[in-house]
Amino acid sequence: MPRRKEFIVTICDGPTCIHKNSKGLERVLREQLEKHNLSQTVRVSLSGCLGMCKQGPMVIVNPGYTMYGNVTESDIAEIVEQHLVKGKVVGRLVIQEDHLYNRFFRIFGDAKFFGRQMRIALRNCGLIDPECLDDYLALRGYEAVAQVLTNMTPRQVIDEVKKSGLRGRGGAGFPTGLKWELTATQESTEKYVICNADEGDPGAFMDRSTIEGDPHTVVEGMIIGGYAVGATRGIVYIRAEYPLAIKRLEKAISSAREYGFLGNNILGSDFSFDIEIRLGAGAFVCGEETALIHSIEGERGMPRPRPPYPSVKGLFGKPTLINNVETWANIPVIILDGGDWFASVGTATSKGTKVFALAGKVVNTGLIEVPMGTTLHEIIFDIGGGIPNGRKFKAVQTGGPSGGCLPEQYLDTPIDYQSLMAAGSIMGSGGMIVIDEDSCMVDIAKYFLEFTQSESCGKCTPCREGTKRMLEILTRITEGRGAEGDIEKLDRLGNMIRKASLCGLGQSAPNPVLSTIKNFREEYEEHIKQRKCRAVVCKNLISYRIKDNCVGCTACKKACPVAAIDGTAKNKHIIDQNKCVRCGLCMSTCRFDAIEKV
Amino acid sequence: MSTPLDLIRKKRAEAVSRIISKGYLSTKRVYVGMATCEIAAGSKEVMDVFREAVAKGSLTDVYLSQKGCVGRCNLEPTVEVVEEGCNPIKYGKVDKERALAIIERHLKNGEVIKEWVID
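Chains A and B, in that order, are what the protein sequence lines are.
So the first sequence is numbered by the numbering used here: it starts at 1 and just counts up by one.
So the second sequence is numbered by the numbering used here: it starts at 1 and just counts up by one.
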């Protein structure tokens with residue numbers, strides 16, 4: 001049988017804390033426990049570096065997750081006498097910034113990766129069993145709902161959210177509190193709350209991970225939103241290609257119903273609210289709020305001009321509050337820790353944290369959450385661990401297909417809505433793709449444009465026709481058929497599409513092209529004038545050559561599908577450039593590294 | 001009349017005691033990452049190895065749980081071992097063989113398999 005213990009005391013055992021006498025603390029703690037006859041009911045455990053070295057040595061008491069910092073041997077006696085014997089927290093030692101996010105520090109070991117992060121939206125991701133409501137409840141789950149229903153009027157909830165300075169995490173960054181207020185002030189017997197989980201950026205998985213790791217936080221956020229604006233029905237719009245996220249969300253909703261957090265008279269109050277799930281077929285444009293609403297209504301997912309905004313005339317013509325997954329996930333923390341605290345994190349214009357899906361040419365690809373104001377350099381080189389294989393950093397792409405590519409000189413840009421915009425990119429929903437010198441910027445711009453072009457719903461001409469023409473020009477350039485004046489054409493067309501498109505998809509579709517033209521114009525020029533791709537990516541502009549160290553093993557000759565390689569055994573082979581289709585098979589076959597791309 | 005806050009406190013206390021009754025206070029706790037990304041990397045097989053070991057009774061005094069994605073995409077699947085009186089350990093790139101080795105060497109014999117630890 002497992003032994004039942006009343007307290008678990010964790011002492012940080014990282015190098016800094018050891019240096020600051022954590023071993024001494026452990027010894028004194030054990031002596032004190034012995035003295036108070038507690039060694040059977042209190043368990044002592046050690047943790048790896050918690051990443052809070054400045055406040056070390058650290059002692060954490062569970063349950064309750066009380067964090068004590070700068071603890072000395074004499075403090076231990078006090079903690080034992082007060083906290084463990086009498087159950088009173090020793091206030092003077094508690095680390096002041098002990099907020100919900102500190103739970104995250106229970107993630108141990110890789111402090112380098114986690115040390116610079118602050119987890120608010122992802123606070124429970126990777127800590128709890130996402131299919132177990134009890135786990136969520138144990139970590140103050142649904143306390144924010146209870147708090148709101150007990151002590152706050154809808155007006156006070158909205159004021160708290162406004163005070164927090166939270167802005168929409170879906171991309172556009174509209175102030176969340178204002179959106180809530182606009183919906184709340186509408187007179188209507190029926191209102192809706194929608195969670196936009198139609199995440200479609202290539203390479204982005206923030207919303208999926210949030211729902212898969214902690215679905216209840218989204219549910220809780222939506223209940224609070226419903227209460228604040230006076231809605232009784234909530235809808236989660238999620239794409240059908242996220243089966244596990246859907247399964248966990250369904251489970252979360254049904255267990256929340258079972259426990260009385262959803263349904264009629266939530267927690268004995270007179271507020272009723274329920275949530276249903278609607279599946280999207282995975283169209284990128286359905287991330288746009290009016291297209292999303294059309295899709296839920298059963299129409300074809302196409303945007304419509306705004307105003308009227310959904311807060312006035314949304315789903316089925318009723319006032320509708322629509323927020324992104326990450327925005328909802330922040331709400332319970334704002335209620336529990338207060339808007340003032342939330343506003344203390346981040347920069348002047350962007351508060352709180354932002355989740356990013358760090359991908360591409362970076363050592364630690366992963367899901368991260370950092371305070372606003374963290375620089376791109378910190379994210380890529382400190383958390384991300386830099387570029388693998390000793391290659392050189394070239395650019396970072398933020399905001400997915402709607403964002404831009406930022407070169408090296410922008411690495412010190414702090415992450416916030418304004419500064420990213422000023423640098424020529426956008427915050428977007430949180431995709432962050434690192435690009436190294438082996439990638440061709442024209443090719444990358446083409447890739448993103450291919451995506452938006454095929455996802456364009458076709459309703460407005462600038463987006464439907466304009467992106468198609470831009471893609472044609474880009475394809476021409478990458479195939480070595482670029483002409484003088486193409487860059488100017490792209491620029492003009494891009495700006496036109498930006499100004500004239502109906503919705504965000506079209507308005508932002510030229511961004512990857514325009515930002516690469518701005519920052520990497522020389523690569524475009526090389527493609528057009530010299531028919532050269534410096535990253536040796538664009539197939540028509542490169543050739544494979546056999547170097548002098550060829551031993552004449554004939555392996556490449558056998559591998560070549562078009563018989564473009566000539567040579568006899570033990571003699572250097574030659575590639576016939578006219579026959580070669582540049583498939584690269586010879587290069588991957590060669591065991592002597594004797595074939596190069598130029 | 002109890003307020004929603006009173007109710008939630010009661011529910012939380014119940015939840016905590018249910019978690020404890022599932023064996024949370026076992027001397028060892030093992031967490032396996034089970035988000036789509038981790039499952040794609042093979043964590044389901046890893047979870048099965050641990051489940052089987054617990055079901056067969058070859059692992060005792062172990063609390064086994066799944067968890068969401070913690071964000072270490074390139075090191076998935078991840079397995080965490082939290083043990084009383086020891087440093088908690090997080091293993092990366094765990095497959096079936098590694099899971100078996102973790103059971104035999106770490107959970108049964110207390111040996112930390114250093115080369116697989118994420119630090």
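These aren't lab readings, by the way, just hints derived from the structure by calculation.
It is possible that some hints are incorrect.
Derived PhoX-like pairs (lysine-lysine); straight-line CA-CA distance at most 25 Å [unchecked claim]:
hint	chain 1	residue 1	chain 2	residue 2
1	A	Lys251	B	Lys96
2	B	Lys10	A	Lys86
3	B	Lys114	A	Lys112
4	A	Lys23	B	Lys22
5	A	Lys547	A	Lys518
6	A	Lys112	B	Lys93
7	A	Lys247	B	Lys114
Simulated restraints on C-beta separations [stated by the list, open to error]:
hint	chain 1	residue 1	chain 2	residue 2	range
8	B	Asp119	A	Asp491	47 to 53 Å
9	B	Lys114	A	Asn549	37 to 43 Å
10	B	Asp119	A	Gly87	53 to 59 Å
11	B	Lys96	A	Gly485	54 to 60 Å
12	A	Asp548	B	Asp48	38 to 44 Å
13	A	Gly338	B	Asp61	38 to 44 Å
14	B	Asp61	A	Ala348	32 to 38 Å
15	B	Asp119	A	Glu408	28 to 34 Å
16	B	Asp48	A	Asp491	42 to 48 Å
17	A	Gly458	B	Asp95	43 to 49 Å
18	B	Lys114	A	Val94	33 to 39 Å
Listing some non-contacts, in silico: residues in chain B with all C-beta distances to chain A over 12 Å [stated by the list, open to error]:
hint	residue
19	Arg18
20	Glu45
21	Asp48
22	Glu52
23	Ser58
24	Glu97
25	Ala101
26	Ile103
27	Arg105
28	Glu111
29	Glu115
For every residue, glycine included, the Cβ atom is placed at its ideal position computed from N, Cα and C.
Checked hints:
1. Restraint check for Lys251/A and Lys96/B: not satisfied, since their Cα atoms lie roughly 28 Å apart, outside the 25 Å limit.
2. At most 25 Å may separate the alpha-carbon atoms for a hinted pair to count; Lys10/B and Lys86/A meet this at roughly 21 Å.
3. With a CA separation close to 17 Å, the supplied pair Lys114/B and Lys112/A stays within the 25 Å bound.
4. For the given pair, Lys23/A sits about 32 Å from Lys22/B by alpha-carbon distance, which is inconsistent with the 25 Å threshold.
5. For the hint pairing Lys547/A with Lys518/A, the CA-to-CA distance comes to about 37 Å; that exceeds 25 Å, so the pair is violated.
6. As the CA atoms of Lys112/A and Lys93/B are separated by approximately 18 Å, the hinted pair is consistent with the 25 Å bound.
7. The straight-line distance between the Cα atoms of Lys247/A and Lys114/B is roughly 36 Å, outside the 25 Å bound, and the hint therefore fails.
8. Checked against the hint of 47 to 53 Å, the pair Asp119/B and Asp491/A passes, with Cβ atoms roughly 48 Å apart.
9. The given range of 37 to 43 Å is respected by Lys114/B and Asn549/A, whose C-beta atoms sit roughly 39 Å from each other.
10. With their beta carbons about 35 Å apart, Asp119/B and Gly87/A fall outside the hinted range of 53 to 59 Å.
11. The hint said 54 to 60 Å for the Cβ distance between Lys96/B and Gly485/A, and at roughly 59 Å that hint holds.
12. Take Asp548/A and Asp48/B: their Cβ atoms lie about 53 Å apart, and the range 38 to 44 Å is violated.
13. Distance hint check: the CB atoms of Gly338/A and Asp61/B are about 41 Å apart, consistent with the given range 38 to 44 Å.
14. Between Asp61/B and Ala348/A the beta carbons are some 52 Å apart, a value that contradicts the proposed interval 32 to 38 Å.
15. Taking the beta carbon of each, Asp119/B and Glu408/A are about 30 Å apart, inside 28 to 34 Å as hinted.
16. In this structure the supplied range 42 to 48 Å is violated for Asp48/B paired with Asp491/A, their Cβ-Cβ distance being about 56 Å.
17. Evaluation of the 43 to 49 Å hint for Gly458/A and Asp95/B yields a pass: the beta carbon distance comes to about 46 Å.
18. About 35 Å separates the C-beta atoms of Lys114/B and Val94/A, a value consistent with the hinted range of 33 to 39 Å.
19. With a least beta-carbon separation of about 5 Å from chain A, Arg18/B fails to lie farther than 12 Å from that chain, contradicting its non-interface assignment.
20. Even its closest Cβ contact with chain A, about 16 Å, leaves Glu45/B beyond 12 Å, as expected for a residue assigned away from the interface.
21. At roughly 16 Å, the least C-beta separation between Asp48/B and chain A is larger than 12 Å, which holds for a residue marked as non-interface.
22. For Glu52/B, the non-interface assignment is confirmed: its Cβ lies about 19 Å from the closest Cβ of chain A, beyond the 12 Å cut-off.
23. For Ser58/B, the shortest C-beta to C-beta distance to chain A comes to about 17 Å, beyond the 12 Å cut-off, and the non-interface label holds.
24. Non-interface call for Glu97/B relative to chain A: holds, since the shortest CB-CB distance, roughly 21 Å, exceeds 12 Å.
25. With a least beta-carbon separation of about 18 Å from chain A, Ala101/B lies farther than 12 Å from that chain, consistent with its non-interface assignment.
26. For Ile103/B, the requirement that its beta carbon stay farther than 12 Å from each beta carbon of chain A is met, with the minimum near 18 Å.
27. Against the 12 Å criterion, Arg105/B stays outside the reach of chain A, whose nearest CB is about 18 Å from its own CB.
28. No beta-carbon of chain A is positioned within 12 Å of the beta-carbon of Glu111/B; the least distance is around 17 Å.
29. Every CB of chain A is more than 12 Å from the CB of Glu115/B (nearest about 14 Å), matching its label as outside the interface.
This entry does not satisfy hints 1, 4, 5, 7, 10, 12, 14, 16, 19, going by the numbered hints stated previously.
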